[in-house]
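Given these sequences and hints, build the entire structure.
Letter by letter, the sequence shown follows residues 265 to 358 in the numbering used here.
Check before you lean on any hint, since a few could be wrong.
To be verified - The calculated SDA-like cross-link candidates involving lysine to any residue, where the alpha carbons are at most 20 Å apart (straight line), are: (1) Lys290 - Thr267; (2) Lys303 - Leu320; (3) Lys290 - Leu309; (4) Lys303 - Pro285; (5) Lys290 - Glu276; (6) Lys303 - Leu275; (7) Lys290 - Thr301; (8) Lys303 - Ala293; (9) Lys330 - Ala342; (10) Lys349 - Asp337; (11) Lys290 - Leu329; (12) Lys280 - Thr301; (13) Lys290 - Val319.
To be verified - Simulated DEER-style distance windows between Cβ atoms: (14) Glu351 - Asn271: 54 to 60 Å; (15) Glu284 - Arg336: 23 to 29 Å; (16) Thr323 - Arg287: 15 to 21 Å; (17) Cys292 - Glu351: 45 to 51 Å; (18) Asp312 - Cys292: 18 to 24 Å; (19) Asp335 - Tyr294: 49 to 55 Å.
Source of the hints: derived by calculation from the structure; they are not laboratory data. For each residue, glycine too, the CB sits at the ideal point set by N, CA and C.
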Amino acid sequence: MQTYNLNIFELEVSFKTEAEPERVEKACAYAETLYGTLKLHGSHLGRDRLLTILVLGITDDLLQLKQQTADRDERLKALLELIDKQERPVGSDT
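See below:
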């Protein structure tokens, strides 16, 4: 497990994770970009509110992607079942 010491969102943060450094760097860069955009448009808001909005936005994105994945899995399952039916010989019950 690797320890990271980062300066992100105007905060010093230390944490341990098994994630590779490149993955942590990408996540930090993505979050910082979103935070910067929020800060630009919500300059009257404090850091805590901006971070709350950021977390809610990222969580919403994650939930949408999970739903899209579940929907895609269901469509693929239906297609596979249809293919299986088409491949069975006529009169076959297996």
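For each hint, the structure was consulted:
1. Lys290 - Thr267: OK: Lys290 and Thr267 at ~16 Å, within 20 Å.
2. Lys303 - Leu320: holds, 15 Å
3. Lys290 - Leu309: Distance ~26 Å between Lys290 and Leu309 Cα, so the pair is violated.
4. Lys303 - Pro285: violated, 26 Å
5. Lys290 - Glu276: It holds: about 18 Å lies between the C-alpha atoms, which stays within 20 Å.
6. Lys303 - Leu275: holds, 15 Å
7. Lys290 - Thr301: This hinted pair holds, its Cα atoms lying about 17 Å apart.
8. Lys303 - Ala293: Roughly 15 Å separates the two Cα atoms, so the pair holds.
9. Lys330 - Ala342: holds, 18 Å
10. Lys349 - Asp337: Satisfied, since the Cα-Cα distance of roughly 18 Å is no more than 20 Å.
11. Lys290 - Leu329: holds, 19 Å
12. Lys280 - Thr301: violated, 27 Å
13. Lys290 - Val319: holds, 16 Å
14. Glu351 - Asn271: 54 to 60 Å: holds, 58 Å
15. Glu284 - Arg336: 23 to 29 Å: holds, 27 Å
16. Thr323 - Arg287: 15 to 21 Å: holds, 19 Å
17. Cys292 - Glu351: 45 to 51 Å: Between Cys292 and Glu351, where Cβ atoms are some 49 Å apart, the hint holds.
18. Asp312 - Cys292: 18 to 24 Å: holds, 19 Å
19. Asp335 - Tyr294: 49 to 55 Å: For Tyr294 against Asp335, whose Cβ atoms are near 24 Å apart, the range 49 to 55 Å is violated.
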